[in-house]
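Colleague: Taken in sequence, the protein lines are chains A and B. Per this note's numbering, residue 30 is the first one in the first sequence, and the count goes up by one each step. Per this note's numbering, residue 30 is the first one in the second sequence, and the count goes up by one each step.
Hints were generated in silico from the structure; no laboratory data involved. Note that CB positions come from ideal geometry on N, CA and C, so glycine has one too. Be a bit skeptical, because a hint or two may be false.
[To be verified] Pulled a few chain B residues facing chain A out of the computed Cβ check, cut under 7 Å:
1. A117
2. V154
3. F199
[Unchecked claim] Simulated restraints on C-beta separations:
4. A:N106 to B:E91: 37 to 43 Å
5. B:T50 to A:M30: 56 to 62 Å
6. B:T50 to A:S169: 43 to 49 Å
7. A:D118 to B:D65: 57 to 63 Å
8. B:S169 to A:S148: 29 to 35 Å
9. A:S169 to B:P116: 30 to 36 Å
10. A:S148 to B:T62: 46 to 52 Å
There are 2 protein chains.
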Amino acid sequence: MAHVTIIGTGTMGQAISSIVTQGGNTVEHIGHTDTDQPVTGDIVVLAVPFPAISEIVADRGEQLAGKVVVDITNPLNFETFDSLVTPADGSATADLAAALPQSRVLKAFNTNFAATLASGAVGGVPTTVLIAGDDAEAKSLLADVVSAGGLRAVDAGALSRARELEALGFLQLTLAVGEKVSWTGGFAVAS
Amino acid sequence: MAHVTIIGTGTMGQAISSIVTQGGNTVEHIGHTDTDQPVTGDIVVLAVPFPAISEIVADRGEQLAGKVVVDITNPLNFETFDSLVTPADGSATADLAAALPQSRVLKAFNTNFAATLASGAVGGVPTTVLIAGDDAEAKSLLADVVSAGGLRAVDAGALSRARELEALGFLQLTLAVGEKVSWTGGFAVAS
Numbered sequence: 030m031a032h033v034t035i036i037g038t039g040t041m042g043q044a045i046s047s048i049v050t051q052g053g054n055t056v057e058h059i060g061h062t063d064t065d066q067p068v069t070g071d072i073v074v075l076a077v078p079f080p081a082i083s084e085i086v087a088d089r090g091e092q093l094a095g096k097v098v099v100d101i102t103n104p105l106n107f108e109t110f111d112s113l114v115t116p117a118d119g120s121a122t123a124d125l126a127a128a129l130p131q132s133r134v135l136k137a138f139n140t141n142f143a144a145t146l147a148s149g150a151v152g153g154v155p156t157t158v159l160i161a162g163d164d165a166e167a168k169s170l171l172a173d174v175v176s177a178g179g180l181r182a183v184d185a186g187a188l189s190r191a192r193e194l195e196a197l198g199f200l201q202l203t204l205a206v207g208e209k210v211s212w213t214g215g216f217a218v219a220s
Numbered sequence: 030m031a032h033v034t035i036i037g038t039g040t041m042g043q044a045i046s047s048i049v050t051q052g053g054n055t056v057e058h059i060g061h062t063d064t065d066q067p068v069t070g071d072i073v074v075l076a077v078p079f080p081a082i083s084e085i086v087a088d089r090g091e092q093l094a095g096k097v098v099v100d101i102t103n104p105l106n107f108e109t110f111d112s113l114v115t116p117a118d119g120s121a122t123a124d125l126a127a128a129l130p131q132s133r134v135l136k137a138f139n140t141n142f143a144a145t146l147a148s149g150a151v152g153g154v155p156t157t158v159l160i161a162g163d164d165a166e167a168k169s170l171l172a173d174v175v176s177a178g179g180l181r182a183v184d185a186g187a188l189s190r191a192r193e194l195e196a197l198g199f200l201q202l203t204l205a206v207g208e209k210v211s212w213t214g215g216f217a218v219a220s
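All chains, please: the whole structure from these sequences, using the hints.
Modeller: Structure, rendered in structure tokens:
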């Protein structure tokens, strides 16, 4: 059984929490400003907006050593909604991995709208969580939690693929804000 | 009625040709090495592998002035299958638009596998052609051809979004080659 800490109590944190518990795994849910509460999970999901990531690294970097750390962010420039704030040849997850060299950093959930995590489907296609990272065992641990919770998990490749996952998340957000897709739809992954 | 020239006779060229004719529009189909044959279409789809784009620009740049030119390429490094060959902060389509300043350049079809253009569905979701470009009328002309042919067309934004469309196309190709999705599946766009 996996024990998962979720930092962040917004809609994504709540949706991921439900998946974890539906799969019979345990959740510790921490608000991202509750810096006094230590993390006890083996998998730690940072379900916070991108700007809060640097605070978590500063506050909890040492606590996260050895743990599987899951970055779900889409680092958009929300003023222009026309670009990401990360370097064009990198990703938020690559930066996080560099900041947490003792952690096993993964990208996941950033291509899933919260409603599709709850409903289990995107346009009738089972909701798929794309997971990227360089640690195969870490990806497998997270994939097991996702699968146990009733969703599909797909290994999207190395940590370097986080760049493409963030591009996909960015594009999907622009389509939703532009009312080209709904917040209950978006990109499905058809096997 | 639109008259569409398709340069390139591979599976993508054939699939796009079928969509055009199914919608009651006309197609002129030209092999990309048939440089003596002038293009007569108002919309010109460059259904060729990325390396052939520069040849077409050299051979036909002047002929393409004033026309809607559709770039469908995914500029992968096919040796490593681990990156694109275009600059990280740009796209193949942006480069093409710079090389053809008199043309109305669009990105489209690069996120569609040929089989899903033919079947009309991805995992049961209607196949959606994502179109990016800076010329709203050009996007509308292409969208009308796509819609008449029985597929969904979605305006994915400005030409700068071609970068994210190419990231999506790249990711989708890596998933198919890695047998995470089939060549009849991939990313669906659920409204």
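Colleague: All hints, please: hold or fail.
Modeller: For each hint, the structure was consulted:
1. A117: 4 Å, holds
2. V154: 4 Å, holds
3. F199: Constraint on F199 (chain B) satisfied, holds at 6 Å.
4. A:N106 to B:E91: 37 to 43 Å: Given range 37 to 43 Å: holds, Cβ gap about 38 Å.
5. B:T50 to A:M30: 56 to 62 Å: 57 Å, holds
6. B:T50 to A:S169: 43 to 49 Å: 47 Å, holds
7. A:D118 to B:D65: 57 to 63 Å: 41 Å, violated
8. B:S169 to A:S148: 29 to 35 Å: 33 Å, holds
9. A:S169 to B:P116: 30 to 36 Å: 35 Å, holds
10. A:S148 to B:T62: 46 to 52 Å: With Cβ atoms ~49 Å apart, the hint holds.
Consistency with the previously given hints fails for number 7 only.
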